[in-house]
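Protein chains in written order, with numbering that gives the first Met the number 0: chain U, 0 to 133; chain G, 0 to 133; chain B, 0 to 133; chain P, 0 to 133.
Check each hint, because a few of them may be wrong.
No copy is singled out in the list; a pair is fine if it fits within one copy or between any two copies.
With a straight-line Cα cutoff of 30 Å, these simulated DSSO-like cross-link-like pairs (lysine-lysine) come out [stated by the list, open to error]:
| no. | residue 1 | residue 2 |
| --- | --- | --- |
| 1 | Lys124 | Lys7 |
| 2 | Lys128 | Lys96 |
| 3 | Lys83 | Lys7 |
| 4 | Lys83 | Lys96 |
| 5 | Lys96 | Lys61 |
| 6 | Lys96 | Lys124 |
| 7 | Lys7 | Lys96 |
Hint data in this document are derived by calculation from the structure and do not stem from the laboratory.
Protein chains: 4
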Amino acid sequence: MTVSVKHKVNFYDTDAMAVVHHSNYIRWFEIGRVEFLREAGITLGELMDDGYLFPIVDVSAKYLNPAYFDDQLIIETIPTALTKAKMAFDYRILREKDGIVLVTGHTQNVFTCRATGKIARLPDKYYDKLKIMI
Amino acid sequence: MTVSVKHKVNFYDTDAMAVVHHSNYIRWFEIGRVEFLREAGITLGELMDDGYLFPIVDVSAKYLNPAYFDDQLIIETIPTALTKAKMAFDYRILREKDGIVLVTGHTQNVFTCRATGKIARLPDKYYDKLKIMI
Amino acid sequence: MTVSVKHKVNFYDTDAMAVVHHSNYIRWFEIGRVEFLREAGITLGELMDDGYLFPIVDVSAKYLNPAYFDDQLIIETIPTALTKAKMAFDYRILREKDGIVLVTGHTQNVFTCRATGKIARLPDKYYDKLKIMI
Amino acid sequence: MTVSVKHKVNFYDTDAMAVVHHSNYIRWFEIGRVEFLREAGITLGELMDDGYLFPIVDVSAKYLNPAYFDDQLIIETIPTALTKAKMAFDYRILREKDGIVLVTGHTQNVFTCRATGKIARLPDKYYDKLKIMI
Chain U
0 MTVSVKHKVN FYDTDAMAVV HHSNYIRWFE IGRVEFLREA GITLGELMDD
50 GYLFPIVDVS AKYLNPAYFD DQLIIETIPT ALTKAKMAFD YRILREKDGI
100 VLVTGHTQNV FTCRATGKIA RLPDKYYDKL KIMI
Chain G
0 MTVSVKHKVN FYDTDAMAVV HHSNYIRWFE IGRVEFLREA GITLGELMDD
50 GYLFPIVDVS AKYLNPAYFD DQLIIETIPT ALTKAKMAFD YRILREKDGI
100 VLVTGHTQNV FTCRATGKIA RLPDKYYDKL KIMI
Chain B
0 MTVSVKHKVN FYDTDAMAVV HHSNYIRWFE IGRVEFLREA GITLGELMDD
50 GYLFPIVDVS AKYLNPAYFD DQLIIETIPT ALTKAKMAFD YRILREKDGI
100 VLVTGHTQNV FTCRATGKIA RLPDKYYDKL KIMI
Chain P
0 MTVSVKHKVN FYDTDAMAVV HHSNYIRWFE IGRVEFLREA GITLGELMDD
50 GYLFPIVDVS AKYLNPAYFD DQLIIETIPT ALTKAKMAFD YRILREKDGI
100 VLVTGHTQNV FTCRATGKIA RLPDKYYDKL KIMI
């Protein structure tokens, strides 16, 4: 199930080439991921309070077209793999007004125990919510 | 006692006006403040591990001249007030190659107890190190 | 006339004190300012394409209460002064769910000529739109 | 030829997990790339003034170990491919004090014409300087 969330490009997101700096899309993948969890009924804050972290271990992005100041973007987040220890997502970031795909990407995240920093097995109460979304 | 630290402008610090985005100088005041503490023999990490935080309560900045990509900057941090509960600093950010002052600023920080979030009285072991620097 | 715009705190906006890093509010004042212009019928992009820049010359902020990851914020922008050469704004950033004011601030911006970098006199087609909003 | 540059982790680089936010390493790859060009005798600013841009088209990163506030990092940049139209780099970011590799990565950049945005063929005066470094 694809989850979409909108994000408007701020002036501070641009760089001296007058386009969005490429590092920002990596941040916006995170916005997509957080929104995906929320759609599944999980807030990242809750998960953390419950002793789990969801750090990223791998990211890749292809920059196809630039975004500009004030562009309204659509961040699409698509789950591609889920186990109790990890979860992977694909992303597409499009410009709303012309539908052009600007950036595609992929991340791999793992569930870890906040106290130990080690890989954790996600409890069913969370896992079941995510499984439905795949 | 003025403490100086250098910082080079990165491409990602610029915006679509091809100058450094103004919010970055606020971050660079923090670099200056952290360096000031270090010069006094205190690392912010130690202070935090010891149960104290040093949050900012007030900031102001005047933007006099723009900085550009690749400029080598000098961040000067000057203590202007110190009690066991709070500390204030003035800042000057200059471009090294021409000595032009780009930004001046001021911050007020307080010492708080990490556990309670309330204003703390800084122990003498830290306070004495800071007092010498005034 | 106060212009309000919402902004949700992203995970990447937080710092190791688990609160929003103070530099982000300076960025969010910019979101408020851009939205204010839009409400007046002016987009910053248009203004720039027309040869004018709107750089900040002065900022101040008071940090009253911390914001946390996932907080929905309201950025209020209130014009306080306008001439053909400059414009000043006050800001209030509140948390939506409890209405608590987190940060207040003030900025002074000037209108400059993009080609020369010098202070410009804003043409009436823009000035009149802003004057109505005061 | 590997080019190394140091970078200290600032407090504003951390997130609420008390580690460096993963998006920052993507920015630090850029610091490495700019330093690589400089070592080759090319400043990115010059290149841009001369009508060329060097946008990124592809990035990937593996996050192996977290960096913390105040860590001194070493960014290693290794060229892996060069034509007159594009250049690829590998990166390794290590913590200086223990030599642990924190992040590895790869980017692909292209040379474009600033005026047209199209892929350009890099003039020999630049290309020759880069070729020596491979």
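So, going through the hints one by one against the coordinates:
1. Lys124 / Lys7: between (33 Å within a copy, 26 Å between copies)
2. Lys128 / Lys96: Classified as between; 26 Å across copies, 33 Å inside a copy.
3. Lys83 / Lys7: between (34 Å within a copy, 29 Å between copies)
4. Lys83 / Lys96: neither (38 Å within a copy, 33 Å between copies)
5. Lys96 / Lys61: Within. Shortest intra-copy distance 21 Å satisfies the 30 Å Cα cut-off; inter-copy 33 Å does not.
6. Lys96 / Lys124: between (39 Å within a copy, 27 Å between copies)
7. Lys7 / Lys96: both (12 Å within a copy, 22 Å between copies)
Violation of the numbered hints given earlier is confined to hint 4; every other hint is satisfied by the structure.
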